[in-house]
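Q: With the hints as constraints, model all of the structure from the sequences given.
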Amino acid sequence: MTVVGWIQIILFCAIVTALVKPLGWYMTRVFNGERTFLSPVLRPVERGIYWVGGVDERREQHWLTYTVAMLLFHVGGFFLIYGLMRLQQALPFNPADQSAVAPDLSFNTAISFITNTNWQNYGGESTLSYLVQMLGLTHQNFLSAATGIALAMALIRGFSRSSVRTVGNFWVDVTRTTLYVLLPICIVYALFLVSQGMPQTLHAYVDATTLEGGKQTIALGPVASQVAIKMLGTNGGGFFNANAAHPFENPTALSNLVQMISIFAIGAAMTNVFGRMVGNERQGWAIFAVMGVLFVAGVAITYWAEANGTSTLQALGLTGGNMEGKEVRFGIVASSLFAVVTTAASCGAVNAMHDSFTALGGMIPLINMQLGEIIVGGVGAGLYGMLLFVVLAIFVAGLMVGRTPEYVGKKIEAREVKMAMLAILVLPLMYLGWTAVAVVLPSAVASMANAGPHGFTEVLYAFTSATGNNGSAFGGLTGNTLFYNLTLASSMFVGRFFMIVPAMAMAGSLAGKKSIPPSAGTLPTTGGLFVGLVVGVILIIGGLTFFPALALGPIVEQLAMNANTLF
Amino acid sequence: MLREIRPAILVLALLTAITGLAYPLAMTGIAGVIFPTQAQGSLIEKDGKVIGSALIGQEFKDDKYFHGRPSATVAPDPNDSSKTVSAPYNAANSGGSNLGPTSKALADRLKDDVEKLKAENPSAPVPVDLVTTSGSGLDPDISPEAALFQVPRVAKARGMSDDAVRQLVTENTKGRFAGVLGEPRVNVLALNLALDGAGAK
Numbered sequence: 141m142t143v144v145g146w147i148q149i150i151l152f153c154a155i156v157t158a159l160v161k162p163l164g165w166y167m168t169r170v171f172n173g174e175r176t177f178l179s180p181v182l183r184p185v186e187r188g189i190y191w192v193g194g195v196d197e198r199r200e201q202h203w204l205t206y207t208v209a210m211l212l213f214h215v216g217g218f219f220l221i222y223g224l225m226r227l228q229q230a231l232p233f234n235p236a237d238q239s240a241v242a243p244d245l246s247f248n249t250a251i252s253f254i255t256n257t258n259w260q261n262y263g264g265e266s267t268l269s270y271l272v273q274m275l276g277l278t279h280q281n282f283l284s285a286a287t288g289i290a291l292a293m294a295l296i297r298g299f300s301r302s303s304v305r306t307v308g309n310f311w312v313d314v315t316r317t318t319l320y321v322l323l324p325i326c327i328v329y330a331l332f333l334v335s336q337g338m339p340q341t342l343h344a345y346v347d348a349t350t351l352e353g354g355k356q357t358i359a360l361g362p363v364a365s366q367v368a369i370k371m372l373g374t375n376g377g378g379f380f381n382a383n384a385a386h387p388f389e390n391p392t393a394l395s396n397l398v399q400m401i402s403i404f405a406i407g408a409a410m411t412n413v414f415g416r417m418v419g420n421e422r423q424g425w426a427i428f429a430v431m432g433v434l435f436v437a438g439v440a441i442t443y444w445a446e447a448n449g450t451s452t453l454q455a456l457g458l459t460g461g462n463m464e465g466k467e468v469r470f471g472i473v474a475s476s477l478f479a480v481v482t483t484a485a486s487c488g489a490v491n492a493m494h495d496s497f498t499a500l501g502g503m504i505p506l507i508n509m510q511l512g513e514i515i516v517g518g519v520g521a522g523l524y525g526m527l528l529f530v531v532l533a534i535f536v537a538g539l540m541v542g543r544t545p546e547y548v549g550k551k552i553e554a555r556e557v558k559m560a561m562l563a564i565l566v567l568p569l570m571y572l573g574w575t576a577v578a579v580v581l582p583s584a585v586a587s588m589a590n591a592g593p594h595g596f597t598e599v600l601y602a603f604t605s606a607t608g609n610n611g612s613a614f615g616g617l618t619g620n621t622l623f624y625n626l627t628l629a630s631s632m633f634v635g636r637f638f639m640i641v642p643a644m645a646m647a648g649s650l651a652g653k654k655s656i657p658p659s660a661g662t663l664p665t666t667g668g669l670f671v672g673l674v675v676g677v678i679l680i681i682g683g684l685t686f687f688p689a690l691a692l693g694p695i696v697e698q699l700a701m702n703a704n705t706l707f
Numbered sequence: 004m005l006r007e008i009r010p011a012i013l014v015l016a017l018l019t020a021i022t023g024l025a026y027p028l029a030m031t032g033i034a035g036v037i038f039p040t041q042a043q044g045s046l047i048e049k050d051g052k053v054i055g056s057a058l059i060g061q062e063f064k065d066d067k068y069f070h071g072r073p074s075a076t077v078a079p080d081p082n083d084s085s086k087t088v089s090a091p092y093n094a095a096n097s098g099g100s101n102l103g104p105t106s107k108a109l110a111d112r113l114k115d116d117v118e119k120l121k122a123e124n125p126s127a128p129v130p131v132d133l134v135t136t137s138g139s140g141l142d143p144d145i146s147p148e149a150a151l152f153q154v155p156r157v158a159k160a161r162g163m164s165d166d167a168v169r170q171l172v173t174e175n176t177k178g179r180f181a182g183v184l185g186e187p188r189v190n191v192l193a194l195n196l197a198l199d200g201a202g203a204k
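Protein chains in written order, with this note's numbering: chain B, 141 to 707; chain R, 4 to 204.
By construction, these hints were calculated from the structure, which means they are not laboratory data. Every residue, glycine too, gets a C-beta built ideally from N, C-alpha and C. Certain hints may be false.
Which bits of chain R does chain B cover? Going by a derived footprint, with three or more residues having C-beta under 8 angstroms, they are [claimed, not checked]:
id, stretch
1, 83-91
2, 135-148
3, 155-167
Derived DEER-like restraints, expressed as beta-carbon distance ranges [unchecked claim]:
id, chain 1, residue 1, chain 2, residue 2, range
4, R, Ser84, B, Thr349, 21 to 27 angstroms
5, B, Ala591, R, Arg179, 34 to 40 angstroms
6, B, Ile327, R, Pro79, 35 to 41 angstroms
A: Take a look at the structure:
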């Protein structure tokens, strides 16, 4: 670890923190339907969409209607992507002449993109046409992100409103998020990325004759427009197979910093939106603090582990850390930081190969996802995931002092706690369950690229990432098989929607409750005690759930490495 | 509930058209005007022919060129499309080795490569980036240490003095952005082009 390394980490944290307030202010205005500086341009477009779609923007929806609208929206998105992939050969913008994608891979990818996972069983430059990249993937990057933010808004309204039946209008929330938040940032952001060297072209791949006379086919495409939303919307599905490690997908150290910031920006600012909507910004900062504590701890461990290297490297006298699978322009620190950021949020873009990380360095990304990606988290999804844990923490605190728990003026009762538990418990059911199935199926074991405990970690990581809608991978695992395409798709589906529906049910029940003013017996939820309590609940629930699985994977691998055992 | 079906189709269609077609196509048009070189992939041409991209590494084996990092990229096996064969610096199929910290295959590869490099230049420690594969398999850069390590070999193959070659390495070394971000590095293709240029003078 070096001083300049820590300066990069501190710089990153400082910029993200500085963005929380202004971005939170702006987004609150957008969701409340207030005028913004972009309204003169965008308002006519917005009204046009409502007019064509038959949406009455003043009519709000019951939580159930809101959820059904969201599900219908995803059904449409699913068929769009699936159809485009199956038909890409017959469609325009296919200069590399990519053939139709196989049914199981198309199914997996369609589920993957509507759930904001963006798991890469597809190979990017070797599988998809430009049309699929734009119309299928870029568009769904926007809409699955907008959906996540919309759902978080519905839950926030549940807390902030008093005795009402409605939680907002899904169509209005999605349209406004896309037009006022995501699109304007992406336009500026994509141009910045091109300035750093990211291609943005519809031309075919270029054949170069190298200095030594060899032939090199260089894959190109409309990369920048997709990468901008891939990061900002915490989607993470790469244009290229190597994702943000590819020099075209992350050309410079500066583009790398901006990409990391954009992964966190909206998710972090959502805490401020929450604070503003419930009438006390400090409530938002308390949640941000919980995220910050867990994040910094993760960064420190991963950075330390990667800078330390492996016993193999040390035995050969190679210093400078574990550079296998990392790029020179990023080095150890920017690769370690990126890995923690991308898994803390549910992004899943990678700028280094997590499969080649040290055992402990690779364990932190895994833990980040198993905790439910609540450390900032996916746009929107991170906040509603965190609020589920907050509800549990408040419940635990209520049990300790023996009175009905309340949070930001709402009584937390049996229904809320049940819904929170349901949402939190369904995740380990998927990733532990499918991992257990995979390791006893010979055909599934054959997909592992590494032997020994590392192979087990590859499988556990895959199902964890899919369930958490992250999308990063221990990439050695051959995921493009019938078994993994289907089981991973089911994990993504359950991980997304079985968390959303209970969260929405909670939003509906909270919105119907009266707001009660805080009294002398109310646990203050803006101080250090509360932050510590939530951190504790997260680590205890998480630790009890997945520690046994980690013991079989990264922990035993670390011990094996210390004993110089190779597999 | 039924009245949500109309917006599910039409709002989806409109937002898809905006974000999936209008936005990427507009960006392509604007980027092509403001940043024409970068938008096309920062291609380098020599005598009217494309010889590569400034951002994409390429394979160098000749002693008279600086070598990049090992690359783990593969290509479909021409004899059996269900298998793959090693194809270093395949810029149409990026990827890393994905070998883990306790991988025997990785340990063996590292050992072989370290021995070869030690035989080539016994006077300096082997730089770690010269024996590890990059994440993309297309890393255009090596560390300044990795470039300096190769100076004696390149100088000998070209009949140049060590100092002249070292001078070129120094000229092609880029520092951290704003002194803080990233790591110091040398673009291998740029350095080799500079070498060829120096030889021609």
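Q: If you test the structure against every hint from before, which numbers come out violated?
A: Hints 1, 3 not satisfied by this model.
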